[in-house]
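There are 2 protein chains.
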Amino acid sequence: VRKEEMEKMTAYMDTLTKPQGSLGRLEELAVKLAGIQGKPDVSRPAVLVFAGDHGVTAEGVSLYGKEVTQLMVHNFVQGGAAINVLAEEIGASVTVTDVGVAGDTLFGSVDAKVKQGTGNIAREAAMTTGEASLAIDAGIEASERAIAQGANLIIPGEMGIGNTTATSALLAAWTGASPEEVTGSGTGVTGEQLQLKQEVIGMALERASWESTLEAFAEIGGLEIAAMSGAMIEAAKNRTPVLIDGFIASIAAMGAVRLAPFTADYFIFGHLSAEAGHKLALETLKAEPLLELKMRLGEGTGAAAAYPLVSMAAAIADRMATFADLGIKQ
Amino acid sequence: VRKEEMEKMTAYMDTLTKPQGSLGRLEELAVKLAGIQGKPDVSRPAVLVFAGDHGVTAEGVSLYGKEVTQLMVHNFVQGGAAINVLAEEIGASVTVTDVGVAGDTLFGSVDAKVKQGTGNIAREAAMTTGEASLAIDAGIEASERAIAQGANLIIPGEMGIGNTTATSALLAAWTGASPEEVTGSGTGVTGEQLQLKQEVIGMALERASWESTLEAFAEIGGLEIAAMSGAMIEAAKNRTPVLIDGFIASIAAMGAVRLAPFTADYFIFGHLSAEAGHKLALETLKAEPLLELKMRLGEGTGAAAAYPLVSMAAAIADRMATFADLGIKQ
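The listed protein sequences derive, respectively, from chains Z and D. Counting from 1, position 153 in the first sequence corresponds to residue 153 in my numbering; the numbering is continuous, with no gaps. Counting from 1, position 232 in the second sequence corresponds to residue 232 in my numbering; the numbering is continuous, with no gaps.
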């Protein structure tokens, strides 16, 4: 990122018709955008939803069956999901990329299917490292296409029944935290089922071994999680800000930073999720999200909810009067 | 508010294609709007900025001189202030009402001037109770006009150099808190000047006596604060949600609730301000704001920043697919 642009924007903020610093985090956002983009412009946000299935659902870790992933892809394509409604509110395009849904690739989604869902990570590897690379590539290509079409802010989202299990396992793998510390209720599991989920995550961590980040993705998985990491890296490479959603997106961000450390400078964190483990993930990433609204849906919804604040920051940098405009000497 | 509509919306939220409760506070907002409006619709937000001067600036409680109030009204009318930029972002109209700016009423603002600024509350009453009534009426009329023109959500904002001093004094008057507990840095006073501000607030509280809420407004003042209370009451009377900005708007909300307790049900709190005293005000009002972005500007900016979340809540209630739409039995 460009330090001089950040310094220029910091100084410019103090010339605007308001007490110094009185727009708080909106000013910080304007400075961050200046570092990334030069002139802040996030007028064409693109939501990239990646979908994949998880073999670990066979262990009973989720309230919903695997088939719901495909049904939700159908819902995204039809425009009826929460992320569609919020994307419409913020004027964002929505692209759905199938990186590993069990079943046919639905019309209206991008076919980048690596395999028919991951292996059951409690008992086997999620995928090969070759497959993990392909999933990351699918994310890279999705960002590349969106940016080529004019997108100037990327919101990676996901859908995959069972994916909080894989996400929690990745968080434990990358931080050394225990299954208890990283496991939350996902779509709503409680009591004995939550305990089972912790045990399953423990089994996966015991079974698997990895050295590289790519090997961790392969062992513990998440085709759609790896794809999100790829989308983030490609956006950063193109000096495009990435608005990070909740728990799963934050772990994908962690993966992206492990693979390409420079990406961290391009992240804006949208929402502190109600999912256990997200706080730990954000602390590890030294991130302070803009919102805390008890959302825990994923799909990119928490990031979409935060988007208007990013847009407002850019607008302030662009359109407010200065004290000089009002004829006031500072 | 209509309890049956709230219960219906609560049940409806659980039929939408998402895990139950997973949209967190957006769902709570949808239920709140249903209680207020029946079918949630906040598509035509109106920002009502009230401006007035404060005689207490003679004590040196503010970083800026009194003349800045008029200059900022000029800025609002020209469209260059922070609230203009944020209002444009959210598609809101902006109306500026002069209830007591020292000087001529500027072209482009509504002339409802009660007097040329308040008295110096450290040494005299801010205004008479008759003048306080006129200020409240100005707010009532501003809301009435906006709603007649189609507004379906009201954002009251303010401008008045010195008005955090009056606001802190009102908060102390209505909660029994000490000057130290309610006094913050306003536009940026620190050190000795902050201590002076506390002393001035202490002088006002010692000098003044009041029984009714109207008398408190008259003694301690804020023509624009009283006007905001009026705007809130009129909006509530018309079953129109009111999005509350930061510290000053919250004290106006407190005044409105004291004058007309039913108004409390129509409030949505936008932003926890960095101004000391706001937390106490929100606790007293049992309010939980949507955002916390270290903003401390006023004008309605914190509420405008929160508006997209309210709009998203209405959109979710209106446009998301249900499980039945996807052919899933619940």
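There could be a bad hint or two in this list.
Since the list gives no way to pick one copy over another, a pair counts as held whenever it fits inside one copy or between any two copies.
[Unchecked claim] No more than 25 angstroms apart at the CA atoms, straight line, and that leaves these computed lysine to any residue pairs for SDA-like:
no. : residue 1 : residue 2
1   : Lys8      : Gly79
2   : Lys66     : Gln195
3   : Lys115    : Thr15
4   : Lys329    : Leu106
5   : Lys115    : Glu181
6   : Lys39     : Gly65
7   : Lys8      : Arg145
8   : Lys329    : Ala177
9   : Lys294    : Ser212
10  : Lys286    : Gly108
11  : Lys294    : Glu28
12  : Lys294    : Thr284
13  : Lys3      : Ile147
14  : Lys294    : Met6
15  : Lys3      : Gly108
The hints are simulated quantities; they were obtained by calculation from the structure and are not laboratory data.
How the hints compare with the structure:
| no. | hint | in the structure |
| --- | --- | --- |
| 1 | Lys8 <-> Gly79 | between (41 angstroms within a copy, 24 angstroms between copies) |
| 2 | Lys66 <-> Gln195 | within (20 angstroms within a copy, 63 angstroms between copies) |
| 3 | Lys115 <-> Thr15 | neither (55 angstroms within a copy, 32 angstroms between copies) |
| 4 | Lys329 <-> Leu106 | between (62 angstroms within a copy, 22 angstroms between copies) |
| 5 | Lys115 <-> Glu181 | neither (30 angstroms within a copy, 61 angstroms between copies) |
| 6 | Lys39 <-> Gly65 | neither (46 angstroms within a copy, 33 angstroms between copies) |
| 7 | Lys8 <-> Arg145 | neither (31 angstroms within a copy, 43 angstroms between copies) |
| 8 | Lys329 <-> Ala177 | neither (55 angstroms within a copy, 38 angstroms between copies) |
| 9 | Lys294 <-> Ser212 | neither (34 angstroms within a copy, 40 angstroms between copies) |
| 10 | Lys286 <-> Gly108 | neither (37 angstroms within a copy, 47 angstroms between copies) |
| 11 | Lys294 <-> Glu28 | both (24 angstroms within a copy, 10 angstroms between copies) |
| 12 | Lys294 <-> Thr284 | both (20 angstroms within a copy, 23 angstroms between copies) |
| 13 | Lys3 <-> Ile147 | within (23 angstroms within a copy, 47 angstroms between copies) |
| 14 | Lys294 <-> Met6 | between (32 angstroms within a copy, 20 angstroms between copies) |
| 15 | Lys3 <-> Gly108 | neither (41 angstroms within a copy, 41 angstroms between copies) |
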